[in-house]
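Chemist: Protein chains in written order, with UniProt numbering: chain A, 1 to 96; chain B, 1 to 534.
Think of the hints as simulated: they come from the structure by calculation, not from any bench.
It is possible that some hints are incorrect.
Among the chain A residues that face chain B by a calculated CB cut under 8 Å, a handful are [to be verified]:
(1) Leu26
(2) Gly30
(3) Ala33
(4) Leu35
(5) Asp40
(6) Phe42
(7) Pro45
(8) Ser63
(9) Thr88
(10) Ser94
(11) Leu95
Only a predicted model underlies this, so the values are computations on that prediction, with no experimental measurement involved.
Don't be surprised by glycine CBs; every beta carbon is placed ideally from N, CA and C.
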Amino acid sequence: MTPHLTSRNWAGKTAAGLVLGLALALGVSGLLAALLGVRDSFFSPQGQFTMWIIAPVWCAVLSLCFLFRNGLRAWLWLGVAAAAVWLTLFALGSLS
Amino acid sequence: MKVRTDILRMYKEIHGWVGIVSGLALFIAFFAGAVTMFEEPIQRWASPPTSLSAPVPLERAPELVEAVLAAHPEAARSYDVHLETGPENPARVTWSQGSRRDPQVFLAALAPDGSLEVEEQAASPVAQFIDMLHQQVGLPFAHEVAMPIMGAISLLYFIALVSGVIVLLPSLVSDFFAVRVGKNAKRMWLDVHNVLGIVSLPFHIIMALTAVVFAFHDEFYDLQGAAFMDRGAPRAQMAPPAPPSPRAQDPELLTPAELAQRVESQAPGFTIRAITYHTSREGEPQARLSGHDPRFGLRGPTFGMVEADPVTGALTDTTYMPGLQDAWGATITSFFALHFGSFGGAPIRWSYFLLGLAGAMLFYTGNLLWVESRRKRERKAGAVTQTRATRALGALTVGVPLGCVAGIAITLAAAKPLGTEASAGIHSAIYYVVFTGFVAWALVRGAAQGAIELVPAAALALLTIPLASLAFLDLHPWSQPLVDTVSVALAASLALTARAARHGPRDSVWSHPRREAQADTTSHATAPERKPAI
């Protein structure tokens with residue numbers, strides 16, 4: 001049986017959601033920018049769109065990070081996800 | 001729909017905490033935001049009449065521009081020719097100096113004898129003050145300090161939305177639209193809270209996400225720039241300037257009337273409000289036309305814009321032009337338009353006004369529920385009286401919303417007596433005096449007694465708006481019945497709900513000491529549980 005989820009260990013989960021959620025969202029916006037060919041024109045409509053994408057991704061991670069069993073797992077899984085995104089960006093040569 | 005009980009309980013607790021932390025600030029943001037839906041009528045209502053001569057007809061605008069540029073060469077950098085004039089904008093030609101956040105606006109007109117008249121005056125700052133209150137969730141701090149706090153509140157707001165929906169999922173079908181009005185007041189408030197939340201959920205998701213972007217867009221762009229900016233690539237903006245065209249030396253500009261006509265022929269349905277003449281980096285004259293088109297979403301709160309060549313009238317940049325944008329431009333514009341309600345004309349403005357008020361009610365009922373369940377928990381734990389924190393939160397739940405409503409009403413009404421003396425600082429001072437007065441009163445008198453006294457006070461505060469209209473009829477011609485009517489309607493609804501305010505259980509935050517003494521003989525358990533319905 002899976003252990004029960006609780007809101008008592010919210011601090012660690014929230015911290016992971018805030019920090020790694022933003023890292024993940026920024027990474028996703030970078031992937032989108034690479035896909036749309038936004039290189040230096042972040043104020044172009046496409047560039048603005050990639051900026052807008054950060055908010056929903058960050059908000060979604062932040063509101064769902066409580067579904068991790070504890071803070072450690074949240075940091076671990078979100079860390080893996082963020083690392084995967086940023087390694088992809090590195091492999092694509094999208095980083096400045 | 002089945003959701004594991006531990007997940008439900010966890011998100012219920014999260015919903016309560018993020019709600020109570022952000023609820024009061026969100027009430028202010030939503031009430032002030034609802035009011036900004038009528039930004040233009042409010043500006044017209046509040047702006048003092050000018051002593052300038054009547055605006056010259058559009059055909060004579062070139063004459064006026066020539067006179068302005070001769071007397072004030074600094075205006076050549078950028079000046080506006082207004083196609084629409086009115087109380088909030090009484091001059092055909094204006095220009096501004098100073099920072100974008102705090103500009104000095106100069107109005108120009110031609111006296112009957114043809115001489116130039118210039119007056120420094122802007123539209124009444126009260127609408128902008130209310131907008132600032134909305135953007136900064138009521139915080140009296142500098143913009144740079146208030147925005148990150150607003151962003152944090154928006155993040156909490158989004159968590160509250162997600163957790164609220166998860167908590168509601170199992171009973172969504174059975175509870176939807178079931179508002180059980182009856183003895184159990186808490187049940188009724190919960191039903192109202194749920195219906196408001198679910199019915200306006202798409203609106204709230206849009207508001208939460210756009211508010212996060214409005215709070216943090218500078219930071220997001222900086223992060224993107226630091227992480228992904230390709231510094232090796234040739235920059236589009238840095239392309240070598242085109243060789244100066246001969247007409248840049250002495251351009252023969254179209255008159256504003258001709259330019260407007262040429263633009264309108266290329267974009268039928270677009271109503272031009274103003275033309276801003278400015279100079280590009282290359283020294284070429286440029287024109288930005290702002291206007292509106294109810295068929296499309298607008299990038300600004302009340303306008304879209306297009307860049308045109310003032311010599312030929314050709315459109316040069318349609319990124320923010322309603323109806324002529326490419327798909328990406330239209331997508332970005334839709335994010336702004338969905339926040340501003342700047343699409344679809346008056347029906348959407350009214351819907352957004354009502355959705356904004358409903359949102360304010362959502363946060364108010366949420367606070368009520370939190371305070372009431374905390375009281376119940378404390379009673380179960382054996383406490384006979386409320387803890388100080390519960391009492392304070394109950395008082396704030398009464399004082400902050402009513403203080404916000406009354407503060408906005410009084411500072412708006414003050415625009416008429418203030419006239420040209422009005423400044424953002426004075427309006428801000430008036431608002432915060434009223435607001436802190438209401439909050440202090442609620443804290444001193446307690447939630448129940450405070451509500452009984454403050455609800456009529458807030459209703460009276462709203463009535464000062466039509467009163468100011470009447471008292472200053474000779475100075476300000478009465479032109480905006482909408483502002484007065486909406487104020488009276490809001491005051492009436494407050495007065496109606498004030499009648500519903502009755503006392504509740506003795507330990508409730510709504511318990512009313514004096515009436516209780518009389519009702520002491522009645523059994524506590526059967527006492528009807530009612531709360532003031534503000």
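Chemist: Against chain B, is Leu95(A) within 8 Å by beta-carbon distance?
Modeler: holds (6 Å)
Chemist: With chain B as the partner, please determine if Pro45(A) meets the hint condition of a C-beta pair closer than 8 Å.
Modeler: At 4 Å from the nearest chain B Cβ, Pro45(A) passes the 8 Å test, so the hint holds.
Chemist: Let's test the interface hint: is any C-beta of chain B closer than 8 Å to that of Ser63(A)?
Modeler: Constraint on Ser63(A) satisfied, holds at 4 Å.
Chemist: Should the hint that Leu35(A) touches chain B count as held when the rule is a Cβ pair under 8 Å?
Modeler: For Leu35(A), the interface hint is violated, since the closest Cβ of chain B sits about 12 Å away, which is over 8 Å.
Chemist: Once the shortest beta carbon distance from Asp40(A) to chain B is found, is it less than 8 Å?
Modeler: Interface hint status for Asp40(A): holds (5 Å vs cutoff 8 Å).
Chemist: Just to be careful: measuring from the Cβ of Gly30(A) to every Cβ in chain B, is the smallest value less than 8 Å?
Modeler: Holds: closest Cβ of chain B sits about 5 Å from Gly30(A), inside 8 Å.
Chemist: Using Cβ atoms only, decide whether Ala33(A) comes closer than 8 Å to chain B, and label the hint accordingly.
Modeler: Because about 6 Å separates Ala33(A) from the closest Cβ in chain B, which is inside the 8 Å limit, the hint holds.
Chemist: Less than 8 Å between beta-carbons is the criterion; does Leu26(A) satisfy it with respect to chain B?
Modeler: Interface hint status for Leu26(A): holds (5 Å vs cutoff 8 Å).
Chemist: Checking hints one by one. Is Ser94(A) an interface residue toward chain B, by the C-beta closer than 8 Å rule?
Modeler: Hint on Ser94(A): holds, closest Cβ of chain B at ~6 Å, below 8 Å.
Chemist: Quick one, is the Thr88(A) hint okay against chain B at 8 Å, beta carbons?
Modeler: violated (13 Å)
Chemist: Return the status of the interface hint for Phe42(A): holds when the least beta-carbon distance to chain B is below 8 Å, violated otherwise.
Modeler: holds (6 Å)
Hint compliance for this structure: hints 4 and 9 are not met, and every other hint is.
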